[in-house]
Amino acid sequence: MTLQVPSASAFILLLYFISGTIALYFTVLGWRNRNIRLSLPFTLVMGCLTIWFYAYIMEITSPDLQTALLFTSIEVPCIHCIPVGFLFIVLFYTGRDRYLTIRTVPLFFIVPVLLCLSVITNPLHSLYYTGFSVVTFEGLNLWIYHHGPLFWLAVVYSYGLSFLAVLLILSHMSETGRCHHRPLIFLLFASLAPFIANLMYVLQIPPSPYLDLTPLAFMVTTLLLIAGLFRYLFTRVPVAYARIIATMRDAIIITTGPARVIDLNPAAEKVLKIRLRDAIGRDIGALLPGLPEPLTGPVLPPDGVRAEYQIAGMGQLRHFDIMALPLAEEGAASDGSLFVLRDITERKEAELALADANRKIRLLTSITRHDIRNQLTGLSGYLELSRDSVDNPVDMTRYVSRMQLVAKAIENQIAFTRDYENLGGGPPVWQDVSSCVRKAMEGLPFGNVRVRTDPMQIEVLADPLLGKVFYNLFDNALRYGGNRMTEIHVSSTTKDGARILVVRDNGEGISAEDKQKVFSKGYGRNTGLGLFLTREILSLTGITIQETGEPGTGARFEIRVPVDKFRFTGP
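Remember, the numbering used here sits 1 above the position in the sequence shown when you count from 1.
All the given hints hold, so there is nothing to weed out.
Lysine-lysine pairs mimicking DSS-like chemistry, simulated, CA-CA at most 25 Å apart: (1) K496 to K516; (2) K274 to K349; (3) K271 to K349; (4) K518 to K409.
Treat the hints as calculated values from the structure; they're not laboratory data.
All chains should be built: construct the whole structure from the sequences, respecting the hints.
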């Protein structure tokens with residue numbers, strides 16, 4: 002049977018067919034470019050629109066009701082998937098696609114699937130449509146559905162998604178500069194056109210109360226999307242900027258008007274210890290108290306203002322380099338500022354440690370030069386005495402022995418300066434305490450002395466010579482612990498937020514009057530340099546050491562590591 006239609010109807014059908022073909026073309030084009038994330042929801046919209054066009058042509062030209070119902074059941078899921086796809090486009094473009102996860106995406110399609118099932122099973126419940134009537138429009142017999150409650154539920158769902166998309170677009174327009182408004186306006190009109198056309202169809206508003214013009218309105222949407230997507234959205238994509246800012250390690254704070262905060266990135270939330278929703282609307286001075294005045298001035302130079310800033314919290318002082326830049330369109334007055342905070346704590350600590358090390362090395366050089374000069378003076382005296390004692394072997398032997406002691410002392414001084422010149426030569430590094438202890442034990446004559454180390458999954462931020470600290474403590478115990486010493490024990494504990502590393506032995510111990518002297522340069526029966534160097538190494542990063550043992554029960558050295566200079570490496 003050949004379908005006879007008037008010329009006006011033929012024009013309408015041709016218009017639907019051409020529109021469907023165009024939608025099919027863009028479906029294929031979008032799928033070919035699916036590596037672009039924004040193309041995936043675009044392809045969904047175009048694919049559903051293609052099916053809707055062709056199925057609607059078959060519906061309005063169907064010779065009987067059953068055939069029309071068949072194509073209606075095909076249209077329904079596509080009709081209600083289009084608002085879902087359009088919302089996805091808006092979410093992608095406005096940088097909110099993080100809400101589209103493997104768990105949330107299927108939820109959007111529950112309603113379209115249920116509506117499709119309700120249309121197929123409608124004869125059992127009459128909830129989607131309750132009856133039919135037929136009208137003639139331009140020679141076409143159109144079946145008019147009498148809508149049931151599920152239809153109105155579908156309308157609310159689709160309109161709700163469309164309304165949400167509009168709100169997201171308007172919200173994003175308020176958050177972005179004017180250079181990004183034009184593509185957003187394309188998106189806004191693209192969302193409004195099918196909404197208005199479908200509202201006219203649902204409420205049967207002239208000029209075509211019985212013909213669904215929504216697919217044609219979606220073609221207007223398609224053309225606007227194409228114009229926007231391929232002319233603007235892919236050339237000026239604020240999503241890219243949003244994603245970059247969100248993943249930056251530097252803290253980003255955006256203000257508007259009189260320094261009111263309107264946005265933070267996750268790094269800023271972590272630094273300031275505040276959530277975005279709690280920061281919005283607050284003054285920048287409340288989040289960063291004591292900011293240098295040039296950063297908060299009413300007018301920032303085009304190149305911005307730079308300063309250093311410190312943030313204290315939980316016993317930790319962190320240093321930041323802050324850059325404040327004006328936010329303004331070209332040729333326009335600034336309507337806000339961009340603050341970039343870069344953590345330079347490690348650099349500042351390295352600079353301070355290096356400066357301290359240089360100061361100590363200059364001091365040591367002066368002291369060592371003085372000490373060696375004194376030793377050489379003594380050596381010269383013994384040489385003169387030896388020259389006068391050539392005929393006295395006993396005196397000669399005594400003077401030679403003393404000269405050997407002087408030479409040994411000079412050798413020790415030189416060995417000490419070799420270690421000391423490396424002090425602060427590099428930035429502090431995180432070092433595993435257990436590894437430092439094991440390395441320090443190598444080469445020392447422990448003999449029958451047992452070294453017991455508690456399990457410690459701790460790293461300490463200290464000078465690279467940290468291993469020398471434990472070496473000197475072990476060496477000191479072996480030299481002065483006496484014959485009664487049988488054990489050296491290394492352990493750790495927490496006290497007042499700090500980590501205490503303990504090195505103790507069961508030897509003779511240190512007398513009360515010597516507890517502070519043992520860290521002085523030159524004190525002791527050997528070189529008098531080991532414990533002095535130990536304290537100097539630790540002090541570079543604010544770590545302290547003291548002797549707390551009971552005389553007669555063994556030496557006990559406590560190394561106090563501040564809260565920001567240690568971290569746990571285990572569970």
